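Asker: Here is what each chain is made of, one letter per residue.
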Amino acid sequence: MERPDLKQMLGRVLGPAEPEVGCDECFDMLDRYVELELAGADADAAFPGLRAHLAGCPACREEHESLRALVGEGG
Amino acid sequence: MSRATLPTVSTVTSATEHQLGDSAVPPLDEESREWLRCLRAEGSLKEDAVARLHALLLRAARFEVERRRATLPHLRGNDLDDIAHQAADDALVSVLRRLDDFRGASRFTTWVYKFALLEAAVKLRRRAWQGREIPLEPETWSLFSSVGLEPDEELEQSELLTTLQQAVAEVLTPHQRRVLVALALNGVPIDVLAERLGTTRGALYKTLHDARRKLRRHLDEEER
Numbered sequence: 001m002e003r004p005d006l007k008q009m010l011g012r013v014l015g016p017a018e019p020e021v022g023c024d025e026c027f028d029m030l031d032r033y034v035e036l037e038l039a040g041a042d043a044d045a046a047f048p049g050l051r052a053h054l055a056g057c058p059a060c061r062e063e064h065e066s067l068r069a070l071v072g073e074g075g
Numbered sequence: 001m002s003r004a005t006l007p008t009v010s011t012v013t014s015a016t017e018h019q020l021g022d023s024a025v026p027p028l029d030e031e032s033r034e035w036l037r038c039l040r041a042e043g044s045l046k047e048d049a050v051a052r053l054h055a056l057l058l059r060a061a062r063f064e065v066e067r068r069r070a071t072l073p074h075l076r077g078n079d080l081d082d083i084a085h086q087a088a089d090d091a092l093v094s095v096l097r098r099l100d101d102f103r104g105a106s107r108f109t110t111w112v113y114k115f116a117l118l119e120a121a122v123k124l125r126r127r128a129w130q131g132r133e134i135p136l137e138p139e140t141w142s143l144f145s146s147v148g149l150e151p152d153e154e155l156e157q158s159e160l161l162t163t164l165q166q167a168v169a170e171v172l173t174p175h176q177r178r179v180l181v182a183l184a185l186n187g188v189p190i191d192v193l194a195e196r197l198g199t200t201r202g203a204l205y206k207t208l209h210d211a212r213r214k215l216r217r218h219l220d221e222e223e224r
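Residue numbers (this note's numbering), protein chains in the order written: chain A, 1 to 75; chain B, 1 to 224.
In short, the hints are calculated from the structure, not lab data. Don't take each hint at face value.
As the list claims (entries may be wrong) - Listed next, the in silico SDA-like pairs over lysine to any residue satisfying Cα-Cα at most 20 Å (straight line):
(1) K7/A x K46/B
(2) K214/B x V13/A
(3) K7/A x E159/B
(4) K46/B x R33/B
(5) K214/B x L10/A
(6) K7/A x E222/B
(7) K214/B x E159/B
(8) K7/A x T163/B
(9) K214/B x R196/B
(10) K7/A x Q157/B
(11) K7/A x L219/B
Given the structure is predicted, the values throughout are model-derived calculations rather than measurements.
For reference, chain A alone in the conformation it holds in the complex:
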C-alpha cells in the first residue's frame, strides 16, 4: 500500500490559512460564483473567503466542481 503523503496530510489537518466562509454561506454563493468563473470574471474578488473554503472543505469542493461542470457543458 502506498503511504499517504505527509504534506497532503498537513494541508488537510491545518486547512487554509486565509479567512473563509462556512458551508452554508458557500452553498448560498455557489451559483453566482460558478457563473462568474465560467464568464472569466474575477469570482474570488466578488466572494472573498469562498476559494479558501473550497480548499478546506472536500464536500463543498466536490459540489463546486460538479456545478461548474454541469453549467459549463450548457446545463
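We have chain A already, so just place chain B on it with the hints.
Answerer: Below, chain B without anything else, positioned relative to chain A:
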C-alpha cells in the same frame, strides 16, 4: 434537507458582491422571471412548471450520480437511478420552500442545479459509507511518508509530525479531536459524520475550523 443556517466560519469583512444588496444583483433574466411566474401561479400552469422543474433537478442529480458511479461499484443501475430520483424529489421540496430566496444573482437553472447536486452528493456519500464503522481515532500517524525528502527535510517533517500529534492530543477538546481526526485524517465525508453524530455539515465544519485554528496557533507558538 439537513442543512441549517449557521454563521460564517470566520469574518470576511470586505464589501463583497453578495453583501452589497440589490444594487449589485443583476436584473432577472427573462427565463428566470418566467420560471418564477409559473411556479408562483395556480392550477395547471404551476403543475406544469413543477413537473419541468423536477425534470431539470433529475437531470442534475443523474449528472452527479454518473460522476460518482466509480465510487459505488457495488450499486446497480436501478439503485443509482433510485438515488437520483430521491435526490430530485428532496431538491424539489427545498427549491419550492426557498423560492423567495432566489434573487436573480445567477440564472434560475444554475440556482436550482446546486440543490439537486447537493442532495445527490450527500446521498451517495452516505450510501458509500453505509454499514461502515466511522474511525474517530488517529489510525495512521506512523504511516505518513516522507519519501524523496533530503535527510534534513525528513528530520524537520518528523519533528513537525510529533508536535502536531502532541497538539492534537493536548490542545483540542475531545469533540474537536474526534471531528478533526475523522474528517481530516481518516477521510470520513462530512455528511456521513454529521448524520452519525446527529448534527449538520455547517456545525461540523465550524468545529473543524476552530480545531485547525487552535493547531495553527499552537504550531506558531512552538516555532517562536
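Asker: So, for every hint listed, does it hold in this structure?
Answerer: Here's how the hints hold up against the structure:
1. K7/A x K46/B: Violated: K7/A and K46/B sit about 53 Å apart, past 20 Å.
2. K214/B x V13/A: Distance of about 11 Å is within 20 Å: holds.
3. K7/A x E159/B: 13 Å, holds
4. K46/B x R33/B: 14 Å, holds
5. K214/B x L10/A: 14 Å, holds
6. K7/A x E222/B: 19 Å, holds
7. K214/B x E159/B: Holds - the C-alpha atoms of E159/B and K214/B are around 18 Å apart, at most 20 Å.
8. K7/A x T163/B: 15 Å, holds
9. K214/B x R196/B: Answer violated: K214/B to R196/B is near 25 Å, above 20 Å.
10. K7/A x Q157/B: It holds: about 9 Å lies between the C-alpha atoms, which stays within 20 Å.
11. K7/A x L219/B: 15 Å, holds
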